[in-house]
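Undergrad: Could you build all of it, start to finish, from the sequences and the hints given here?
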Amino acid sequence: MSSLTFKYVRIQGKELARNTMYAKGIFSMCMQMIQKEVMTGEDADLYMEIDSWFAENLPWPPPCKNQEPVVCWFKTENSEEMMKMIRPALWLLDRYHHPYFLVYTNTPGEIVYEDKYQIAAKVDGFLEIEEVQPTWSPE
25 MSSLTFKYVR IQGKELARNT MYAKGIFSMC MQMIQKEVMT GEDADLYMEI
75 DSWFAENLPW PPPCKNQEPV VCWFKTENSE EMMKMIRPAL WLLDRYHHPY
125 FLVYTNTPGE IVYEDKYQIA AKVDGFLEIE EVQPTWSPE
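According to the working numbering, the sequence shown is numbered sequentially starting from 25.
Check each hint, because a few of them may be wrong.
To be verified - Distance condition first, Cα-Cα at most 27 angstroms in a straight line; then the derived DSS-like pairs of lysine-lysine:
1. K140 / K89
2. K89 / K99
3. K60 / K31
4. K89 / K31
5. K38 / K99
6. K99 / K146
7. K108 / K31
8. K60 / K140
9. K89 / K108
10. K99 / K60
11. K99 / K140
12. K31 / K140
13. K38 / K146
Hints listed in this document are in silico derivations from the structure and should not be mistaken for laboratory results.
TA: Right, here's the structure in full:
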């Protein structure tokens, strides 16, 4: 079996952002934990250092600043340094038993912003919930 190759990766949780109806990303999850005083003290300070590094080294996409319905993804071709720097935030999520997922895709949606390290893809803000099929069994 050949290996799969993906263009984009995202770290996201289970909770949905109201403006996108899409799973919140790692930055939103960690910041919300600080704002709700779930994460405090040295852990909060560590996350703020991580956030500051990203603010200095990664452009903040204008659609994100404007809270438009977009979802950001790291480019896998240039994500090695970003993933290295985000690893302590993953450790913090683990420490607080906050679930997260690494999601890989080649089809993030309509790309409305792109730089060397990331893209922002437009989402429609619509969450479709369907009934479960009567059976998955091949009976």
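Undergrad: Now tell me, hint by hint, if it's right for this structure.
TA: Evaluated hints:
1. Proposed proximity of K140 and K89 is supported: the alpha carbons are some 18 angstroms apart, at most 27 angstroms.
2. Note on K89 and K99: the hinted pairing holds, with a Cα-Cα distance of about 19 angstroms set against a maximum of 27 angstroms.
3. For the hint linking K60 to K31, the alpha-carbon distance of about 34 angstroms lies beyond 27 angstroms, and the restraint is violated.
4. Among the hinted pairs, K89 with K31 is consistent with the structure: their alpha-carbon atoms are about 24 angstroms apart, no more than 27 angstroms.
5. Taken as a hint, the K38 and K99 pair is honoured in the structure, with Cα atoms around 22 angstroms apart against an allowance of 27 angstroms.
6. Using a Cα cut-off of 27 angstroms, the hinted pair K99 and K146 holds, with the two alpha carbons roughly 16 angstroms apart.
7. Our distance criterion of 27 angstroms between C-alpha atoms is met by K108 and K31, whose separation comes to about 18 angstroms.
8. Restraint check: the Cα-Cα separation between K60 and K140 comes to about 33 angstroms, which exceeds 27 angstroms; the hinted pair is violated.
9. Under the criterion of a C-alpha separation no larger than 27 angstroms, the hint pairing K89 with K108 is consistent with the structure, at around 24 angstroms.
10. Under the criterion of a C-alpha separation no larger than 27 angstroms, the hint pairing K99 with K60 is inconsistent with the structure, at around 30 angstroms.
11. Between K99 and K140 the alpha-carbon distance is near 8 angstroms, which keeps this suggested pair within the 27 angstroms criterion.
12. Restraint check for K31 and K140: satisfied, since their Cα atoms lie roughly 13 angstroms apart, inside the 27 angstroms limit.
13. A hinted pair counts as satisfied when its Cα atoms are at most 27 angstroms apart, and K38 with K146 qualifies at roughly 19 angstroms.
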